[in-house]
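Residue numbers (my numbering), protein chains in the order written: chain A, 2 to 119; chain B, 67 to 174.
Derived from the structure by calculation, the hints contain no laboratory data. Mixed in with the good hints, there may be bad ones.
Calculated cross-link-like contacts (lysine to aspartate or glutamate; reagent style EDC-like; alpha-carbon spacing at most 20 Å) [unchecked claim]:
| no. | chain 1 | residue 1 | chain 2 | residue 2 |
| --- | --- | --- | --- | --- |
| 1 | A | Lys46 | B | Glu83 |
| 2 | A | Lys67 | A | Asp92 |
| 3 | A | Lys67 | B | Glu172 |
| 4 | A | Lys46 | B | Glu67 |
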Amino acid sequence: QLQLQESGPGLVKPSETLSVTCTVSGGSISSPDYYWGWIRQTPGKGPQWIGSIYFSGRAHYNPSLKSRLIISIDRSKNQFSLRLTSVTAADSALYYCARQSEVEIDNWGQGTLVTVSS
Amino acid sequence: EIKMTQSPATVSGSPGERVTLSCRASQTVANSLAWYQQKPGQAPRVLIYGASTRATGIPARFSGSGSGTEFTLTISSLQSEDFAVYYCQEYNNWPSLTFGGGTKVEIK
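With these hints in hand, go ahead and build the complete structure from the sequences.
Structure, rendered in structure tokens:
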């Protein structure tokens, strides 16, 4: 059974860099059938897609975040990661990692809460 | 950038009732539309993809319809476990995604 688990800092200071890693177990991150994505959500709002990466390393980013965002993949560790620079309070959210097929997000992590505050 | 608008923001229903949720895209997404259910403290769960195809294990009381810019999710007979928030999500430029703001289904 596929499982995704996020690990993140919990608290990040304004203007610093947020880094979150997703570890995939029970399946290979090298499958050609899926993208691996990051999605965030704040209370009472709809989820926001951040970006996604393919096993080859090809990444797609939300245009609103693209200038501050890098998503990477480490196939040897079955992990993919998110780096978001110059964070502000608006980046405080629950960050999910997920597996995307062509038609659905069929597996989600439990989410990791990130708060941006001094 | 495609914007997804859901209505109403909240719908109230009693167990056994039929409810209909709407989703509108700011430009056509063909049938590249999925619906998700989210309960408190949980990640969203896919219900429908391709506008009308039920995902694995989803009960037949959930149905989706529409194409282009107008979509509907219908729950034919509300069950207690269906009270949740529902999101539509387009994937016309996959893997890019856009979610709607959600509709909360609450108990009348």
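Against the structure, the hints:
no. : hint               : verdict
1   : A:Lys46 - B:Glu83  : violated (26 Å)
2   : A:Lys67 - A:Asp92  : holds (14 Å)
3   : A:Lys67 - B:Glu172 : violated (37 Å)
4   : A:Lys46 - B:Glu67  : holds (18 Å)
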